[in-house]
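Student: Under the working numbering, the letters of the sequence shown match residues 1 to 220, in that order.
Any given hint could turn out to be false.
[As the list claims (entries may be wrong)] Simulated pairs of lysine-lysine, DSS-like, Cα-Cα distance not exceeding 27 Å: (1) K165 x K138; (2) K92 x K48; (3) K48 x K63; (4) K165 x K123; (5) K165 x K63; (6) K63 x K123; (7) K63 x K84; (8) K138 x K123; (9) K48 x K123; (10) K48 x K84; (11) K92 x K123; (12) K92 x K138; (13) K211 x K92; (14) K123 x K84; (15) K48 x K211; (16) K123 x K167.
Rather than coming from a laboratory, the hints here were simulated on the basis of the structure.
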Amino acid sequence: MRLVLFDLDNTLLAGDSDFEWAQFLIEQGVLDREVYEARNLAFYEQYKAGTLDIHEFLNFQLKPLARHSRRQLDAWHEQFMQEKILPIVAPKARELVAHHAQDADLMAIITATNSFVTAPIAKAFGIFHLIATEPEQKNGEFTGEVFGTPSFREGKITRLDEWLKLKGLTWSSITESWFYSDSLNDLPLLQRVTNPVAVDPDDTLRDYAEKQGWPVISLR
Numbered sequence: 001m002r003l004v005l006f007d008l009d010n011t012l013l014a015g016d017s018d019f020e021w022a023q024f025l026i027e028q029g030v031l032d033r034e035v036y037e038a039r040n041l042a043f044y045e046q047y048k049a050g051t052l053d054i055h056e057f058l059n060f061q062l063k064p065l066a067r068h069s070r071r072q073l074d075a076w077h078e079q080f081m082q083e084k085i086l087p088i089v090a091p092k093a094r095e096l097v098a099h100h101a102q103d104a105d106l107m108a109i110i111t112a113t114n115s116f117v118t119a120p121i122a123k124a125f126g127i128f129h130l131i132a133t134e135p136e137q138k139n140g141e142f143t144g145e146v147f148g149t150p151s152f153r154e155g156k157i158t159r160l161d162e163w164l165k166l167k168g169l170t171w172s173s174i175t176e177s178w179f180y181s182d183s184l185n186d187l188p189l190l191q192r193v194t195n196p197v198a199v200d201p202d203d204t205l206r207d208y209a210e211k212q213g214w215p216v217i218s219l220r
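Make the full structure from the sequences, and use the hints.
Tutor: Structure (structure tokens):
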């Protein structure tokens, strides 16, 4: 069994979908620029520095989902895909996914960004399995809370283990595994797979990857 995992933001995408979603809502006038833009930038810098409090961030990121109907959110997301996401999908990223699709038994995107934002993006890549942070829903509408373990840092391993179990698999079922990521936050999972690959990595991950002899590639 060969498993291929892709981080999404700044890996398959030449940008961050979480950050861009908040910026999109600000540009649409849905969120107040003065209140939200500085916080959005601050959380993004914390993420890049490896100091992000995921629960504080999710409180910021998921609350706007609870203020609007799913129908309205879906309409905004269609516009968001066209204006913000498709322009940052690099051809090399699509080529990498297509290359692994020929041989992989299982492929998944595994991301800290919530599944509302990322599910249509995974579909656009032709990747049908997504492990993402899950926003809580009641009667089809978002509550503004997180459901279960956020898919972040060690939480990605927890969520991956749960996903494999649902498929009747364990790590011992996996003969080869790949994980492509740009971020120091993904070191726990990169250290778990047999083929870790640093993609356009931040400085911390680049240094670590070079010391470990991991491949370092660019999809830009």
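Student: Give me the numbers of the hints this structure contradicts, sorted from smallest to largest.
Tutor: Per hint list: 5, 12 violated.
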